[in-house]
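Participant: Could you build the full structure based on these sequences and the hints that come with them?
Protein chains: 2
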Amino acid sequence: MRKVYVVGVGMTKIDRHYDKGFAELVHEAFVKAYEDSRGAEPEAVVVGNMLSSSLYQQDSLTALVADAMGLRGRGGFKVEAACGSGGYAFVAGYSLVASGLYDVIAVVGVEKMSDYPTARVTSALAQAADAEHEVIYGASFPGLNALAMRLYMKIYRASREDLALWPVRMHEYAYYNPYAQLRNRITVEDVLKSTTIADPIKLMDSAPVGDGAAVVILASEDMAKKFNDTPIQIAGVGLGSDALDLSSRDDLLKPLSIVKASEKAYRMAKVESKDIDVAEIHDAFTITALLCIEGLRFAEWGTSWKMIKEGRFTKDDKPALNLSGGLKARGHPVGATGVYQVAEIAMQLRGDFPGVKASSPSIGLALNTGGVATLTSVVILKR
Amino acid sequence: MRKVYVVGVGMTKIDRHYDKGFAELVHEAFVKAYEDSRGAEPEAVVVGNMLSSSLYQQDSLTALVADAMGLRGRGGFKVEAACGSGGYAFVAGYSLVASGLYDVIAVVGVEKMSDYPTARVTSALAQAADAEHEVIYGASFPGLNALAMRLYMKIYRASREDLALWPVRMHEYAYYNPYAQLRNRITVEDVLKSTTIADPIKLMDSAPVGDGAAVVILASEDMAKKFNDTPIQIAGVGLGSDALDLSSRDDLLKPLSIVKASEKAYRMAKVESKDIDVAEIHDAFTITALLCIEGLRFAEWGTSWKMIKEGRFTKDDKPALNLSGGLKARGHPVGATGVYQVAEIAMQLRGDFPGVKASSPSIGLALNTGGVATLTSVVILKR
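Here the protein sequences come in this chain order: A and Z.
Oh and the first sequence: position 105 is 105 in the working numbering, straight run, nothing missing.
Heads up: take any position in the second sequence, counting from 1, add 1000, and you land on the working numbering.
Calculated from the structure, these hints are not laboratory results.
Some hints here could point you the wrong way.
[Unchecked claim] Partial pick of chain Z residues on the chain A-facing surface, computed with a CB cut under 10 Å:
#, residue
1, Val1045
2, Val1046
3, Gln1057
4, Gln1058
5, Ala1063
6, Cys1083
7, Ser1095
8, Leu1101
9, Ala1124
10, Ala1243
11, Ser1247
12, Leu1256
Cβ atoms here follow ideal geometry from the backbone N, Cα and C, with glycine treated the same way.
Facilitator: As structure tokens, then:
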């Protein structure tokens, strides 16, 4: 298999960009990635996006994106796996280069969410769940995650206070990340007294609504050094799925998609969970963080909340998790998030992430998932 | 680059399947492909689909599709490029195997369109065009294609009668294809007296609304012979794009996306247009067929209508075009169409297509496009 490298990354701050459309966001992120790669010109584009079809009535988004990058004529396609679209787009883009089809491609994650009323956005986000067996009966996306959180707290005897520590930490990290959406520090008390979204999920357990674009430029081995003095190798990728509806799953707290995707990525990269120095995981809600940590084998099932309480997974630990501030506080422009994560890990490995840094990491991981851990991708990067 | 082969194909008849959902259609097509490949079990799934997000409020479709195939846990993603989704999904799936990431994968095209009123479907199809610069001003998708048809007729002095010959031929072929949606023979007069959809486009210039699923199983070279005595090699693939809005294009009648995609595919397959024995092209409307024929260099610009009139591109010609009946009469379950095309070409090359057959073809081509030739993929297969 051809080796593939990340040779350029760029992103916009995540925010409610009322004054910017898809094209403006993509342009801004691409110009940064282009400069970061000393002018690498992508031959094709893969776009990660969830909501353009349902909210903006815009399919064919790739043509708009390619034009915004000055790449009219180049081919490409959009990948959709709900909130996991960005990570899957990255894997699709990786394989376009690994196969030898292209030498240089761009993976673009872009999402606009702010322009619509919250109720409309919430209903579009529920498209990640099973329309015919869940949503039609009134289930919201936070509601389905609340089922998992309640079960987790009951089975593993974790308290609501215990589970408030994660978002507090995420806001602390985001405070230092110039691209993050929520840069205010919060306390456990702030989490507990915030509005209940779907009991036991509080507002401050939940990723915010925001807009943003991130671009990662990939190149084959023979081109990589030309574009970047510190190209970052893609050492492993893995994909996994689970039943779309929660009621069909074997175990709501041991997500099959995360187990399958991480097993494949570890095997391909020839590493184990204990080798990972730094990772970005998918904490759309606090419960999602716990399921990711355990599914990745950073903790035994049911123990991640205790390890967080003991101060594990912080910036000097191995692995250091979500130094960006995570989906919770860096933000979660849904279909773009997976591309942000890969860009952040690449910067951590290069040592130029502009926020909280891990200490000299050499192996990093990004986990992005769509639905309630329904469609998961895991990417492992090496310096 | 690893060689990749088509080792199994399956499809449902295209029809208004009011009694079948996504899962039932996929299951039916996959069982056929599975048997055709003597039990090849895909490690991952790529889905081509346009409308599940906008019409059915269902994202994460891949999880539902994997479950319907008995492949829960396997990863995968959905590719969207409007009506070109299936062809792009095929290219994405091809690269997953060519790269060495997987040895066996399934590309699934599936679309449901019948359950909604025509006005709702027409509006969902318009998402292939530019929401912000075209659709908001009242443009429909047939309306945008009508602009191209009118311009073509004016510049190249083709009459409405001349352009009625294509759909007549498509219905003739579909009559013999058991999977086709419209198996009635029609005359030039039938076309001319059919309802005007968007002048000069008549109802009988237009692909029908229908549901269907097609599955193509791909395998690496070392596995291919195990699964099929006549594996069909993927010799070339190419992608191309054009401006999303027609007003930004250099030339509405020389679609950049088709030119770029076909150039790349020919180069990769080391063939020229004159080497193609049999092809399936994207005739969502009669005008689209002409643009495909010319963009692929099967005819000089502006001359395809004359060649059709002279009886070219029929079953004994080289290339023989759309022996399935094409989008016009085989049907056009939009995001699935590109997968139908590849399956049909593979069967033509194997000699077991159950409708009108080309005479001993060895090189075949499939062209699928989304929007008004906005996002095009070209796939070249060799026996």
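Participant: Each of the hints needs a verdict: does it hold here or not?
Facilitator: Hint by hint, here is what the structure shows:
1. Val1045: holds (8 Å)
2. Val1046: holds (8 Å)
3. Gln1057: Constraint on Z/Gln1057 satisfied, holds at 5 Å.
4. Gln1058: Given a least distance of 4 Å, the restraint on Z/Gln1058 holds.
5. Ala1063: Since the shortest Cβ distance to chain A is 4 Å, the answer is holds.
6. Cys1083: Constraint on Z/Cys1083 satisfied, holds at 9 Å.
7. Ser1095: Result: holds, 4 Å to nearest chain A Cβ.
8. Leu1101: Z/Leu1101 check passes; min Cβ-Cβ to chain A is 6 Å, inside 10 Å.
9. Ala1124: Check passed: Cβ of Z/Ala1124 comes within 8 Å of chain A, closer than 10 Å.
10. Ala1243: The hint holds - Z/Ala1243 has a Cβ within 10 Å of chain A, the shortest such distance being about 6 Å.
11. Ser1247: violated (13 Å)
12. Leu1256: Result: holds, 5 Å to nearest chain A Cβ.
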